[in-house]
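Participant: As you go down the protein sequences, you meet chains A and B in turn. Here the first sequence stands for residues 119 to 549, where the numbers follow the numbering used here. Here the second sequence stands for residues 23 to 378, where the numbers follow the numbering used here.
Hints are computed from structural coordinates only; laboratory data are not their basis. The beta-carbon is built from N, C-alpha and C at its ideal position, and this holds for glycine as well. Among the clues, some could well be false.
Unchecked claim - In silico DSBU-like pairs for lysine-lysine, Cα to Cα no more than 30 Å straight-line: (1) A:K302 <-> B:K51; (2) B:K51 <-> A:K474; (3) B:K357 <-> A:K451; (4) B:K298 <-> A:K323.
To be verified - Where chain B lies over chain A, by a calculated footprint (3+ residues, C-beta under 8 Å): (5) 143-151; (6) 180-191; (7) 237-250; (8) 264-271; (9) 276-289; (10) 509-521.
Stated by the list, open to error - Here are some chain B residues pointing at chain A (derived, C-beta under 10 Å): (11) S69; (12) G70; (13) V73; (14) T75; (15) G86; (16) T88; (17) M104; (18) M170; (19) D171; (20) F177; (21) E194; (22) S288; (23) L304; (24) L308.
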Amino acid sequence: MAKKLHDTPMLDQLESGPWPSFVTGLKREAAKKDIMVDLLGQLETSYKTKKGYWKGGTVGVFGYGGGVIPRFTELKDANENPVFPDAAEFHTLRIQPPAGMHYDTATLRKFADIWDKYGSGLIGLHGQSGDIMMQGCTTANVQPAWEEINAMGFDMGGAGPALRTSMSCVGAARCEMSCYDEAKALRTIINANIDDMHRPALPYKFKFKFSGCPNDCVNSIQRSDMATIGTWRDNIQVNEQQARDYMKGHGMDKLVNDVISKCPTRAITLRNKADAVSGASISTVAVDDQHVMQIENHDCVRCMHCLNVMPGALLPGKDKGVTILVGGKSVLKIGATMGTVVIPFMKLESEDDFEKLNELSRNIIDFFAENALEHERTGEMIERIGLVNFLEGLDIDIDPNMINHPRANPYVRMDEWDEEVEKANERKAAA
Amino acid sequence: MAELRAPDECGVPDPMPFMHPTLRNNYGKWVFHSHPKPGVLYHRAESGAEVWTVKFGTARQLDGYTIRLLCDLADKHADGHMRFTARSNVEFMLTAESKIDPLIKELNSHGFPVGGTANSVSMISHTQGFLHCDIPGTDASGVVKALMDELHEEFIKCEMPNRVKLSTSCCEINCGGQADIAIIMQHTKPPKINHDLVANVCERPTVVARCPVAAIRPALVNGKPSLEVDEKKCICCGACFPPCPPMQINDPEHSKIAIWVGGKNSNARSKPTFHKLVASGLPNNLPRWPEVAAVVKNILSVYKADAQPWERMADWIDRIGWPRFFEKTGLPFTKYHIDDWRGARTTLNASTHIRF
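Bound conformation, chain A alone (with noise of 0.2 Å):
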């Protein structure tokens, strides 16, 4: 039993209605714990003020640099001390989850014990890079809790300057427009590179994140600095038994409206059967007996509309891989930016791949640490270097698929214009 709840009217306020409240939650361990009882009494504070009262510090685990969440309350009486002692500290713990974030009830439970034994019982899944956010726990607390919750085989995730937590969508694990093994690429990634998390050392954050397809269901190119996204460079591939149920169940006009004419390059083309054009570039797939669709897979885009409308009638081709965007990065300082392409295509099938893959992430993270201002991010140093340096720092070819479009203006210096021409070829022959 824990002491008595606070008044919190305005946040009695959001317990009814129909989504699940979290006060309802914050309550029920309130019945039982006094930092929850004391959380509250802020919260209703901060709600009544409308001002925010934690401030950060330093507390972290034995071993690590980063991973905790530090708040102290800097609600204070006359005589400086906390009006809600019971929260005075109320720090959180960020744990790395299953990649796709996957789990069994045993798991789950576990982490709930742990968490009523040393912390406030809340749990936060997930946090926005994907963290499981252990959340209230006492300065004394932390280094306890995090021994148990890493004798279960869960290891402490980013935060400050260092490599983040990372995300990869369902992908593999029950989605057909998968194109390569996110989980595999997540794991290989970050575990080859986990001291730079758990040891911030670089000029600011660095997040990875791996998207299965260009839906791109965890918001890698906005919100990564190095997105890593499945694609192919083959043709469509297609089944007419599902293109023919799509027809039936929708009719020629949904199929023109929603899907032909939706395509972003007009790569798709409706015609009579006997109009029907062929070509190794060329997907056709029969929608009845008298119209075949099809698709120009060099003019397509991979931009997934039309697979996400026709689900198993359309699928990703055989000759899947990976597309490499870098830069993405939230507001500061110079405003939102999104990862660009510096890999157009790589494959990601083979042990070798994978290592390449890893390879090309520490040379990146390395050319950030070298050479990024302090509190830049990776998308802000390519908008100060400019991209051929970032890609000569690499040792990355240039591709015209990494622009929109060529230069707009002459105020460049282009005295080596031969020796690059000359670049160009030898490049166009090693292809």
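With chain A held as given, fit chain B onto it using these hints.
Facilitator: Chain B in isolation, oriented as in the chain A frame:
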């Protein structure tokens, strides 16, 4: 001092031991999916193996009772496994169609809304707010609870033109991320500086370097080393506040809420887009933010009525144009909608493409 245990630097756990056996056994071998009804997905593998996924919403901040309840339900209905999505929805995988309705019934009886699939309004991706952030302008869980109460029907039904993803962020750093509709704190006044504390708390060159518009400079105030802000230059972004808490940017009265639309992470149809500012000046009106809910619901209802099937918010606006977006939603178009940050000229209309 007790002996400290050195960490086992084990890294990201292998998902295989945690994964539902049908997913594990058909890893990388899926060939088809469909959407039998809101909140339910059907997947079939090459082998003919089938799995039905039931998706439902949570508060994201889960107490021990709720976690154990989810575990009990997963043990009873879903072979003791579950997974979480990037938007904090929970997915139970079922191996027989007959298991769907009993599970949904039980989930609903415990207050879990089943939905969030396909062309629904999914759970709001959000931040920590007053609960745990050190620089929040507002709460996060509360905004989400209040809004999802209002949008509950749109979560459990699939009546939108395409999927709708929302986010909220308690400051302009936008940890909630890009979204079809994003609700983000917008400060409108420069930081109020507590000059007594700056010298002891802040590394001043770091703070000066953080300012995107070079409005901060070192100064001697009341005989103490401190910082001053050129308030004419200041864009009230709050970037100085995290490295220097005595530069208080949050203002209970003047920190407002802005609404942004048209962010899209997917490459489907158009390339990914960032969300764009459409409304601001909304009050931080706790505990239920009714003014914010009204604007969001209005935008959603116009989109729902006007967009073609499969058009995301960004695709729809791309077709109808921004003037008609403002016209149809009734939102006022102001000078603040015209960008003047770096690269702004690329956001201007350099053509005669004008819809009448």
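Participant: A separate judgement is required for each hint: does it hold in the structure or not?
Facilitator: Hints, verified against the model:
In summary, the hint linking A:K302 to B:K51 is supported, as the alpha carbons are separated by about 16 Å, within the 30 Å threshold. Taking the CA atoms of B:K51 and A:K474, the gap is about 25 Å. The hint holds against a cut of 30 Å. A distance of roughly 23 Å separates the Cα atoms of B:K357 and A:K451; the hinted pair therefore holds under the 30 Å criterion. For the hint pairing B:K298 with A:K323, the CA-to-CA distance comes to about 25 Å; that is within 30 Å, so the pair holds.
For a cut-off of 8 Å, the count of residues in the segment 143-151 of chain A with a CB near a CB of chain B stands at 4, and the three-residue condition holds. A count of 5 residues in the segment 180-191 of chain A with a Cβ less than 8 Å from any Cβ of chain B is obtained; the coverage claim is therefore met, three being the minimum. Counting residues of the segment 237-250 of chain A whose beta-carbon sits less than 8 Å from any beta-carbon of chain B gives 9, enough to reach three: the coverage restraint holds. Only when three residues or more bring their CB closer than 8 Å to a CB of chain B does the claim for the segment 264-271 of chain A stand; here the count is 5, and the claim holds.
Note: the segment 276-289 of chain A has 4 residues with beta-carbon separation from chain B under 8 Å; the three-residue rule is met and the coverage holds. Note: the segment 509-521 of chain A has 0 residues with beta-carbon separation from chain B under 8 Å; the three-residue rule is not met and the coverage is violated. This hint is violated: B:S69 has a C-beta 13 Å from the nearest C-beta of chain A, more than the 10 Å allowed. A distance limit of 10 Å between C-beta atoms decides the matter here; for B:G70 the minimum to chain A is near 13 Å, and the interface restraint is violated.
Look at B:V73: its Cβ gets to within about 7 Å of chain A, closer than 10 Å, so that hint holds up. The beta carbon of B:T75 is positioned within 10 Å of a beta carbon in chain A (closest approach about 7 Å), and the interface hint is therefore held. This hint holds: B:G86 has a C-beta 4 Å from the nearest C-beta of chain A, less than the 10 Å allowed. The beta carbon of B:T88 comes within 6 Å of a beta carbon in chain A, closer than 10 Å, and the hint placing it at the interface holds.
For B:M104, the interface hint holds, the least distance from its beta-carbon to any beta-carbon of chain A being 6 Å, beneath 10 Å. Checking B:M170 against chain A by beta carbon gives a least distance of about 4 Å; that is within 10 Å, so the hint holds. Nearest Cβ of chain A to the Cβ of B:D171: about 3 Å, under the 10 Å cut. The hint holds. Proximity of B:F177 to chain A holds as hinted, the smallest CB-CB distance being about 8 Å (cut-off 10 Å).
Contact between B:E194 and chain A, as hinted, is supported at the beta carbon level, the nearest pair being about 6 Å apart and thus within 10 Å. Of the supplied interface hints, the one on B:S288 holds, with its beta-carbon coming within about 5 Å of a beta-carbon of chain A, less than 10 Å. Nearest Cβ of chain A to the Cβ of B:L304: about 14 Å, over the 10 Å cut. The hint is violated. Hint status for B:L308: holds, given a least beta-carbon distance of 5 Å to chain A, under 10 Å.
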